[in-house]
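**Student:** In short: position in the sequence shown from 1, add 43, done, that's this note's numbering.
FYI, nobody ran anything at the bench for these hints, they're computed from the structure. Watch out, some of these pointers could steer you wrong.
Using C-beta positions, here's what the derived DEER-type ranges look like [claimed, not checked]:
{"id": "1", "residue 1": "Ala87", "residue 2": "Ile60", "range": "20 to 26 Å"}
{"id": "2", "residue 1": "Leu96", "residue 2": "Leu55", "range": "15 to 21 Å"}
{"id": "3", "residue 1": "Pro93", "residue 2": "Thr58", "range": "14 to 20 Å"}
{"id": "4", "residue 1": "Ser67", "residue 2": "Tyr88", "range": "25 to 31 Å"}
{"id": "5", "residue 1": "Trp72", "residue 2": "Lys101", "range": "17 to 23 Å"}
{"id": "6", "residue 1": "Asp74", "residue 2": "Leu96", "range": "16 to 22 Å"}
{"id": "7", "residue 1": "Gln68", "residue 2": "Asp89", "range": "32 to 38 Å"}
All values reported here derive from a predicted model rather than from experimental measurement. Glycine included, every Cβ here is placed at the ideal spot set by N, Cα and C.
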Amino acid sequence: MPSTTLVLLPGLDGTEIFFGPLLSQLPSWIDPVVITYPPTGPNAYDDLAPIVLEAVDKLREFAVLGWSFGARLRSWWLPGCLPGCPGWCSSVLS
Numbered sequence: 044m045p046s047t048t049l050v051l052l053p054g055l056d057g058t059e060i061f062f063g064p065l066l067s068q069l070p071s072w073i074d075p076v077v078i079t080y081p082p083t084g085p086n087a088y089d090d091l092a093p094i095v096l097e098a099v100d101k102l103r104e105f106a107v108l109g110w111s112f113g114a115r116l117r118s119w120w121l122p123g124c125l126p127g128c129p130g131w132c133s134s135v136l137s
């Protein structure tokens, strides 16, 4: 089975911690890429969108799962900006 890249956007904590349970259960055909945000400095949507875009720049095709703040970042600031991400991607809003 071909692999699928899953880009994970965290919430305001900016880390992969809350994705731990999911990451431990993903099947082998899913290659996760967790994008983390800087622990200090500006963290508004327009500050973090370039970080996400740079992180996915070399990926050919992928799906995106955003958690909380990450879902809003995906929904509000990145639609149409992710050329390797065809169509709408899942988000988890809380």
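**Student:** Hint by hint, which ones does the structure fall short of?
**Tutor:** none
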